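Chains as they are written, first to last, in the UniProt record's numbering: chain A, 1 to 164; chain B, 1 to 252.
Because the hints were derived from the structure by calculation, they are not lab data.
Here the structure is a predicted model, which is why all the values come from computation and not from measurement.
Glycine residues also receive a C-beta, built at the ideal position from the N, C-alpha and C atoms.
Just to be clear, a hint being listed does not mean it is correct.
[Unchecked claim] Computed cross-link-like contacts, DMTMM-like style, restricted to lysine to aspartate or glutamate with a CA-CA straight-line distance of at most 20 Å:
1. K66(A) with E39(A)
2. K121(B) with D191(B)
3. K137(A) with E146(B)
4. K79(A) with D68(B)
[To be verified] Covered by chain B, per the in silico footprint, the following chain A stretches (three or more residues, Cβ under 8 Å):
5. 51-62
6. 140-151
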Amino acid sequence: MTTLPNTEQVWEALAQIPDPEIPVINVVEMGIVREVQIEGPKAIISMTPTFSGCPALHLIREQLEKTARSLGFAEVEVKTVLSPPWSTDWITPEAKERLRQYGIAPPKPAQEQGSLIALEAAPTRCPRCGSFDTSVKNTFGPTLCKAIYVCNNCKEPFESFKTV
Amino acid sequence: MRSEVREALIAKLTALADDEVILAHRGSEWTGHGPILEEDIALANIVQDELGHATLWYGLRQQLDGSDPDQLAFFRDAYGYRCCELVELPKGDWAFTMLRQYLYDLYEALWLEAAQHSTYKPLAEAVQKIMREERFHLQHTQAWVERLGQGTDESNRRLQQALDMQWGYAQQLFVPIPGEELLVAEGIVPDLLPLRERWLEHSTRHLQNAGLKLPINPGYQPTSRAYHTEHLWSILAEMQSTARWDAEAKVW
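Given these sequences and hints, build the entire structure.
Written as structure tokens, this is what we have:
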């Protein structure tokens with residue numbers, strides 16, 4: 001008879017799943033996996049969407065389920081939770097550093113989300129040369145979570161993670 | 001929840017979702033045709049968010065009546081849709097699309113701000129989620145209104161034309177659906193009347209600063225979401241064709 005892993009081991013296994021759009025960080029570091037519960041032969045995983053229209057959500061959900069099944073759970077339930085809403089503050093500091101090395105400016109600390117008309121205040125640093133002399137080229141980028149900047153110092157365009 | 005409140009909430013969620021789906025599909029018609037690459041990408045992002053919001057609204061409805069979001073989006077005909085007529089209008093030129101998106105984003109932002117304290121917890125949670133995305137939209141589309149309004153004679157003329165056409169249609173966003181007063185009384189959704197005042201105040205100021213004149217005669221103002229323009233039939237025919245052709249087709 002095989003023994004099923006405990007929650008800690010499930011967390012470890014889920015931390016092997018890369019984010020489908022930013023493979024240098026995994027779905028646990030990203031803050032997408034919120035809770036793991038084990039009830040006998042059943043694993044219940046709670047996840048929260050980053051951006052509600054993110055096309056990677058389907059894939060992440062599938063992979064969470066597949067990974068839990070591969071650990072021996074006969075039944076796996078992947079629940080979606082919306083509250084509290086996902087924040088880039090949940091991305092771990094190590095993962096933020098890896099984002100930077102990957103060429104994506106990491107998100108800044110999230111401000112209070114009270115007003116809808118607030119502009120982004122904190123300066124964005126070029127992930128390549130480190131200069132703060134950067135400008136937004138497009139609030140929207142190749143994926144919902146990123147904006148496009150250009151560095152006025154090294155002249156390189158780069159992606160920046162939106163702060164939410 | 002009393003059954004008449006529940007029915008009204010189902011209808012309201014459907015209206016919210018249908019607006020987002022149709023507007024998103026109209027926006028997606030620009031993909032590959034945007035005036036510049038960056039704007040092509042930006043609009044695709046915005047409408048992908050709107051589609052995400054629709055998923056959340058349909059999801060809330062599903063919790064209440066077990067309906068399948070995909071069935072609602074892809075297998076309902078125009079008579080069953082409860083979107084407003086503004087979102088159905090053909091995409092027109094870039095000024096037309098940006099103005100509609102601006103008028104809608106401003107309404108959505110104000111509605112969300114007011115709805116974040118909804119007494120219906122699942123709705124309040126969805127609103128918190130959506131608000132984080134929506135602020136990027138309004139910032140973008142209000143900048144476009146300013147840019148086109150104060151740009152050249154031609155861009156101003158086109159934007160003014162769009163405004164003359166859309167102003168009356170946009171008022172439908174503030175027409176309550178049948179039974180909405182029950183939801184307002186329970187604190188589930190915000191009252192549209194004070195929201196309309198705020199929307200008028202914000203939009204009037206912004207449009208006038210952009211060099212536009214508000215239409216003296218607001219023109220046609222639709223009132224019931226049970227009626228649609230002829231355009232809804234053709235947009236659904238296109239949007240639903242893949243699903244109706246092959247219901248098992250993969251989502252992505």
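Enumerated hints in conflict with the structure, sorted upward: Violated hints: none at all, because every hint is consistent with the structure.
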